[in-house]
Amino acid sequence: MKIIFYIIQKEFKQIFRNKGMLPIIFVLPLLQLVILSNAATFEVKNIRFAYIDNDYSSSSKALIEKFEASTYFNVITYFPTEIQASSAMLKGEVDVVLNVPLHFERDLQNNKKANLGITINAIDGAAAGVENVYITQIIKSYNKHIQSDLMQISDSKIQPVNMVTIPLFWYNETLNYKTFMVPGILVLLVTMITLFLSAMNIVREKEIGTIEQINVTPIKKSQFIIGKLFPFWLIGMGLLTIGLILARLIFDVPMVGSLLLMYAYTSIYIAVILGMGLFISNFTDTQQQAMFIAWFFVVIFILMSGLFTPIESMPDWAQTLTEFNPIKYYVEVMRMVMLKGSVFMDILPQFIKTLVFAIVTNGLAIWSYKKTN
Amino acid sequence: MKRFKGFVTKEFYHIFRDRRSLFILFGMPIVQVLLFGFAITNEINKVDIAILDHSKDATTKEIINKISASRYFSINQHIDREANIEAVFKKGKVRAVLNFEKDFNKNLIKEHQATIQIITDATDPNSASTISNYVNSILQNYQQEQNKAIAINYVITPQPRMVYNPELKSVYMFVPGVMTIILMLVSAMMTSISITREKELGTMEILLVSPLKPFQVIIGKVFPYIFLSIINAVVIVLLSIFIFKMPVQGSLLLLGLVSVLFIISALALGILISTISASQQTAMMISLMGLMLPVILLSGFIFPISSMPLPLQIISHVIPAKWFIIILKGIMLKGVGLQFIWKETLILLGMTIFFIGLSVRRYKIRLE
Amino acid sequence: MKKTNVIQAVGLTKMFGDFMAVNAITFDVKKGEIFGFLGANGAGKTTAMKMLIGISTPTSGSAQVAGFDVFTQAENIKKNIGYMSQKFALYDDLTVKENITFFGGIYGLSKVRIKEKTKELIEDLGLKEVSDQLIGSLPLGWKQKISFSVALLHEPKIVFLDEPTGGVDPITRRQFWELIYRASHQGTTIFVTTHYMDEAEYCDRVSIMVNGKIEALDTPKKLKKQFNVDSMNDVFLKLARG
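Chains as they are written, first to last, in our numbering: chain A, 1 to 373; chain B, 1 to 368; chain C, 1 to 242.
Warning: the hint list may mix true and false statements.
Claimed, not checked - Calculated cross-link-like contacts (lysine-lysine; reagent style DSBU-like; alpha-carbon spacing at most 30 Å):
1) A:140 - B:199
2) B:199 - C:87
3) A:206 - C:111
4) B:56 - B:91
5) C:97 - A:2
6) C:97 - C:111
7) A:220 - C:117
8) B:199 - A:19
9) A:112 - A:91
10) B:106 - A:13
11) B:61 - B:91
12) C:111 - C:79
13) C:115 - A:2
Stated by the list, open to error - Partial list, computed: chain C residues near chain A (C-beta under 10 Å):
14) 88
15) 91
16) 93
17) 101
18) 107
Hints listed in this document are in silico derivations from the structure and should not be mistaken for laboratory results.
Remember, predicted model here, so these are calculated numbers, not experimental data.
Backbone N, C-alpha and C fix where the C-beta goes; we use that ideal spot for every residue, glycine too.
So that you can see chain A by itself, here it is in the shape it has in the complex (with noise of 0.2 Å):
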């Protein structure tokens, strides 16, 4: 047991005495948190709109003001030609343009079909599925306000029904996409970290040689490794913490469940990515091998954990893969149990497999590293 305490001791000096990774593994993390939390949002604001008012009738331009009302859009200027609007979508000057035909108010107020022209810079095509939602929206209570103005001299007899629809965001009531990003963000720094270093270490330790005194000495395999791993795993736990501590203060992200239970599940996450982290580093020869390949399986993991895109918008093949994905556990988990407060009982499903992987991936590791070629 000492034995793993003098490895302990020595990575320790070694980490902080390397003056240039230090800020690396602290400062830059913990720095991109903050950035990076404000910059990913898909939310779609500050559209820029423009239109072409063929009919410049009373009618157009109050539809205009409507846009120019809402929030989400800004008016930026007119088109008199589609031309001209389309060569500034070209541009990517605009990205909607409202074309007004000629007649709308008259066919409007004779009952006739009564059509707007919207084109829209689709290459987002998530973007656009929204701006398309937030112009409807748009154009159907403009419609409301006419069909009731122009309604009041015919005569109804039968009612419309009229089904109210109340929406209700719980959790998140602004809809404040940080305090969605802020913990999946925290999760995706403290997994690239401990990966990152713990891929690298073993190695290095390979490519200068010191690896060799190492095997030759009656150490035990486990104590080595668990005496390597367990200071990435501390800095691990830090970086969490001041992440939450950012988080709270900086973002005020709401932290509704039980720090311990994040505390406990982060320990068991961190063990896994550890583990990782050093079978990879069993199966490489060299610092930029290992860091290749991790940077590789944490690219295709982030992006199938949920992170950015929902599980549930996958094809149902990639669902299934992403129950082999331990960071996609981790971010439900984080999500639920700070924005939801969930309890232990409700991430057992998520902490169990987290363990399992832990067991796997850190055996895998030992039995992998040989002392002996």
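Since the structure of chain A is already known, use the hints to place chains B and C on it.
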């Protein structure tokens, strides 16, 4: 010149003998494009929702059927009391609960009004609003059908046209981004690691003492990565065209030229990083944490820049990747020629020259 | 009084794919000897040594080190030997004292013992002024001596030295060999590989490996007589050519 050729050949050997790294270098872009094309999307699909029906009459049943029939939703369970909503959200089993009030049908007929609450788990606000909107649309459609008997007049029909990507395929947006990231990864990170490794191993000094001029050493080191990056770019474009049917609308030549420009800027950044890193580890971490992550998040690759707070929008202006992605989308998806993207190209050119100048200066300083 | 064998190898072989790095070598080393394991670069010395110290499994043959079998009891061997690798593997980013503490701790020395040994080592090698300096900042010759002393921290029966004197001036080499002699006098068996043939003169017995095989094994005096030359260098030249 012959010495230079020999040096470049050695660099190529280094790279091609490192099978594992090579595998990642070529495999990663392919995997990423496939993932983005097939798995990564914000569209909602078969979302689990729960129903809390206080009325259980014919109307609510009809509405529930309509929702169930939609491909967007999958009714996971029925709950009896409002108290259960909390529990079902906390377990993370459903994303939304539809709450039909008591005497729904009766109220609809007598009072001409009945209420449905669409309660969404808004921890993911994006999904929540999308789900809310979709449910609302389904309900609106149902309502319109019911009201068909009454002629609703004075209807405005919006006719939306989705341009550049009519099928709203998410892969169209991601492919330019993936290309950018991969080029940046290969060019900047690999270059910085390669140069730093020579420093660490001590062989850099040997190179500098040789008859090769310093700039030849750098160009020689960097040259294979230009080659690799171009191959990667080609592979990505081919994949998009053949697997995702995403055509390149504009000029391939222009695409190629601008890509080379971007690659050079990334290489210059890589050299710059190598001048401030003492070890491979540092170079790698700076490339990944200091370069890659901001690029992914601030370049408009996944998250729209216009939605970011102003300070971040300003920062994104100095990231070459942002401009490159705009140019890529222009050429690939809009089919524009230089006349529409000359501004962005000029900016990219300026940045490239700046980075080259900066890295050359720093490199000279390091030598002394 | 017959001296016991602390190292015994019979037909020890190591193959890497088709390449035979060590070709059925047979030899023994007696307790307290300074045994020189000589040969040109690439002759297979380091590979052979790695098998003896338990970090490389032989392809065939057998060997016992300190009474333990290299195939089945590698971890036991490690308890009883010391090793100084070719790269003088101490941690460049730890100080002299910290390196000693670390390796002492790994070998299970008590805190008190470590303290004692640290004091001893620093005084012996005259390192008082640099004991808190990083190893990386010390000149090569000092690193070598510290490395050797660290290998002896746990007072092993046998110590293996792989090319311990590479790259230093003759005076430093001489000083190093004085350290070796002292350890030998205290009863430690020394197994040293080197390609410096003049160092062979300092050994009790030497073996010379050529292309994976042992082509000569005897005391330096007898070998010189056998090949009718004046120096070990010439012995080697004759062997290598022939």
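Practice item. Please work out if residue 115 of chain C and residue 2 of chain A have their alpha carbons no farther apart than 30 Å. Key: 16 Å, holds
Review point. Taking 30 Å as the top limit, are the C-alpha atoms of residue 220 of chain A and residue 117 of chain C close enough?
Key: 24 Å, holds
Review point. At a threshold of 10 Å, is the proposed contact between residue 91 of chain C and chain A supported by beta-carbon distances?
Key: 6 Å, holds
Exercise for review: Compare the distance between the alpha carbons of residue 140 of chain A and residue 199 of chain B with 30 Å, and conclude whether the hinted pair is satisfied.
Suggested key: Not satisfied, since the Cα-Cα distance of roughly 66 Å exceeds 30 Å.
Point to revise | chain A contact restraint on residue 93 of chain C - CB to CB distance below 10 Å | key: 5 Å, holds
**Study point:** Status of the residue 101 of chain C interface restraint (C-beta, 10 Å, chain A)
**Key:** This hint holds: residue 101 of chain C lies near chain A, its Cβ roughly 7 Å from the closest one there, short of 10 Å.
Review point. Is the straight-line distance between the alpha-carbon of residue 61 of chain B and that of residue 91 of chain B 30 Å or less?
Key: The given pair, whose Cα atoms are some 26 Å apart, holds under the 30 Å limit.
Check your understanding: Within 30 Å, alpha carbon to alpha carbon, are residue 56 of chain B and residue 91 of chain B?
Key -> Measuring from Cα to Cα gives roughly 26 Å; hence the hint holds.
Check your understanding: Does residue 112 of chain A pair with residue 91 of chain A here, judged by a C-alpha cut-off of 30 Å?
Key -> The hint is violated at about 36 Å.
**Study point:** Pairwise hint evaluation, residue 111 of chain C against residue 97 of chain C, where the allowed Cα distance is 30 Å at most
**Key:** 13 Å, holds
Practice item. Please work out if residue 199 of chain B and residue 87 of chain C have their alpha carbons no farther apart than 30 Å. Key: Cα-Cα ~18 Å, so holds.
Practice item. Take the C-alpha atoms of residue 111 of chain C and residue 79 of chain C, compute the straight-line distance between them, and say whether it is at most 30 Å. Key: Measuring from Cα to Cα gives roughly 18 Å; hence the hint holds.
Hints 1, 9 and 10 from the earlier list are contradicted by this structure; the remaining hints agree with it.
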